[in-house]
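Using the hints provided, position chain B relative to the given structure of chain A.
Here's the letter readout for the chains.
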Amino acid sequence: MIRVIKVANLKKLVVSSLIVFLLGCAPGSSLTYYHDPQMDFAAIRSVAVMPFENLTREPMAGERVRDVFANSLLSTGAVYVIPSGEVSRGIARAGILNPAVPSMEEIGKFAGIIRVDAVIIGTLTEYGEVRSGSASANVISMNVQMIEVQALRIVWTASATKGGISIWDRLFGAGGKPMNDVTMKAVTDVLDKLFI
Amino acid sequence: MFSTNSSFKLVSILLTIIIYLSGCSATNNQKISATDKHAAPEKKLLTAVLPLHNLSGTPVPLEDLRQRIISGFKKQGLNILADHVLERFIVKHRIRYVGGIDEITARDFRYETGADAVLITSVELYNDNPPPKIALTCRLVSTGNNPEILWMDSLGLAGDDSVGILQLSLIEDPRQLLEKAIRQLSISLGEYLAGGSYSKDSQRGIIKFWPKTVYRSPILEPEWKYTVAVVPFLSLSEKRYAGEIIALNFVEQMMNQRKFSVIEPGVVRQLLLQMRIIMDDGISLADAHALFSKLNVDLILAGKIFDYQDYQGTSGKAKVDFSALAIERQSREVVWTCQSHNEGDHGVFFFDWGQINTAHVMASEMVASALETLAE
Numbered sequence: 001m002i003r004v005i006k007v008a009n010l011k012k013l014v015v016s017s018l019i020v021f022l023l024g025c026a027p028g029s030s031l032t033y034y035h036d037p038q039m040d041f042a043a044i045r046s047v048a049v050m051p052f053e054n055l056t057r058e059p060m061a062g063e064r065v066r067d068v069f070a071n072s073l074l075s076t077g078a079v080y081v082i083p084s085g086e087v088s089r090g091i092a093r094a095g096i097l098n099p100a101v102p103s104m105e106e107i108g109k110f111a112g113i114i115r116v117d118a119v120i121i122g123t124l125t126e127y128g129e130v131r132s133g134s135a136s137a138n139v140i141s142m143n144v145q146m147i148e149v150q151a152l153r154i155v156w157t158a159s160a161t162k163g164g165i166s167i168w169d170r171l172f173g174a175g176g177k178p179m180n181d182v183t184m185k186a187v188t189d190v191l192d193k194l195f196i
Numbered sequence: 001m002f003s004t005n006s007s008f009k010l011v012s013i014l015l016t017i018i019i020y021l022s023g024c025s026a027t028n029n030q031k032i033s034a035t036d037k038h039a040a041p042e043k044k045l046l047t048a049v050l051p052l053h054n055l056s057g058t059p060v061p062l063e064d065l066r067q068r069i070i071s072g073f074k075k076q077g078l079n080i081l082a083d084h085v086l087e088r089f090i091v092k093h094r095i096r097y098v099g100g101i102d103e104i105t106a107r108d109f110r111y112e113t114g115a116d117a118v119l120i121t122s123v124e125l126y127n128d129n130p131p132p133k134i135a136l137t138c139r140l141v142s143t144g145n146n147p148e149i150l151w152m153d154s155l156g157l158a159g160d161d162s163v164g165i166l167q168l169s170l171i172e173d174p175r176q177l178l179e180k181a182i183r184q185l186s187i188s189l190g191e192y193l194a195g196g197s198y199s200k201d202s203q204r205g206i207i208k209f210w211p212k213t214v215y216r217s218p219i220l221e222p223e224w225k226y227t228v229a230v231v232p233f234l235s236l237s238e239k240r241y242a243g244e245i246i247a248l249n250f251v252e253q254m255m256n257q258r259k260f261s262v263i264e265p266g267v268v269r270q271l272l273l274q275m276r277i278i279m280d281d282g283i284s285l286a287d288a289h290a291l292f293s294k295l296n297v298d299l300i301l302a303g304k305i306f307d308y309q310d311y312q313g314t315s316g317k318a319k320v321d322f323s324a325l326a327i328e329r330q331s332r333e334v335v336w337t338c339q340s341h342n343e344g345d346h347g348v349f350f351f352d353w354g355q356i357n358t359a360h361v362m363a364s365e366m367v368a369s370a371l372e373t374l375a376e
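Which chain is which? The protein sequence lines are A and B, in order. Residues 1 to 196 in our numbering are what the first sequence lists, from first letter to last. Residues 1 to 376 in our numbering are what the second sequence lists, from first letter to last.
Any given hint might turn out to be false.
Here are the simulated DSSO-like pairs of lysine-lysine, each with C-alpha atoms no more than 30 Å apart in a straight line [as the list claims (entries may be wrong)]:
hint, chain 1, residue 1, chain 2, residue 2
1, A, 177, B, 317
2, B, 180, B, 239
3, A, 185, B, 208
These are computed hints drawn from the structure, not numbers from a lab.
Next up, chain A with everything else stripped away, as it sits in the complex:
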């Protein structure tokens, strides 16, 4: 009887150790979001993705992530995403000085010019390689907001952080996943929260 209990305890110990170990191996990842419960998202047919505000040291990071985001959003087939060239034309015609952080008034004017149901603005807070001792890995941290242009209110926000140094990277110096893969993962996670 004692022997049976001991084996059962040992099994529990092994399983729980394994879970703790595997969780420890996972790289940094977080996701928060807000969904306006009163908003009918099916009414949004067309969306403009504004240039992302880039708070990182990588000069092209904002444009890269915006492109991945816009393409991924369009590829869901749920909404039509206005091409970036048309968005740029709308920004110029609306006279928006800082398109990454437009005012509600500017968004209203812009939406009237290019005729969209919603505008997405985003901020990139981290993009690139992070180092800790001898280990390094790629990380991305972004947040996006969707503004519905009829009522000019925020109906959806999401932020995600992906990548970072895992235990695996620390032990074996694997160097993490390529930046593009980390970006895709973060964008996919963010978009998953739009269509819940």
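Same frame as chain A, now just chain B:
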């Protein structure tokens, strides 16, 4: 009363004549279209070999390269226009852009020099440090009133592409690599001139080349042969001419897949200049509208390139990252987009087996895979 009737008749006859004559002369108002026939010529083509277009961003021995190409292509039965005739024509028409040919230049080429076709060669990569690397794109464009691409091929070679046992197959001499490149292009051209179909080994079945995200609108007809104008991509890469290089890649892969008719890029470029279209952040719907009004095409293909990276020496990796979109004529909507990125060592684990050493080869495979989703 009689005089009023006769003068009315006279005016109507004059108007008819004016309308008829203006209809005959107004070639500039006609829409430019592409034909999908690029069958092998029946006679020996008199070809003008234009000076090489350097897209590598580095110094290249262009004239030496051109002479080698001429001698290689002559062996395949291409009749080459004399250099002094070509030079006189270039000086007379003040031709400075040699990466394409517009309608007027194509017409003048035919009627002033008698050339049947123009060979346009772009050097995308030239690196003579060991192991050497080279990437070339050649296309044969017909002259006359409607310039169309007859044949197009490209290659990217590195001296260490296949080193073999004890590195016996390693190419360290750039001239040897150049000869190999020209030989391959000559064979491809020879097959076209002989009426055969030139085909290249493709690895597009490999998953790593597939685009990462794709959107294809249901309004696109399956198995329909679309006529496409490819505009230069917006380059956000460190490589200066990456936008033109990737656009050429799209043109070539469309020609190879034979599921599209493609407008000669020189014609599209000339239209962009004429209409003063500057695409600061990619193509807008207004730009597309303007192009559709002049081009008889179903789709306009544009995009952005973020990385087009080659490397020198043995350590490093090629990197390509682009996104593309197609705007359709009737709906004026984006009907297809794709986003693709790759690195030369992706999926390489043992002894560099499967490594891709030039961005050109990787881009070709990625573009071919992306176009499969458009043409499906």
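Each hint, compared with the structure:
Distance hint between residue 177(A) and residue 317(B) is fulfilled; the C-alpha atoms sit about 15 Å from each other, no more than 30 Å. Taking the CA atoms of residue 180(B) and residue 239(B), the gap is near 26 Å; set against the 30 Å cutoff, the hint holds. At most 30 Å may separate the alpha-carbon atoms for a hinted pair to count; residue 185(A) and residue 208(B) meet this at roughly 17 Å.
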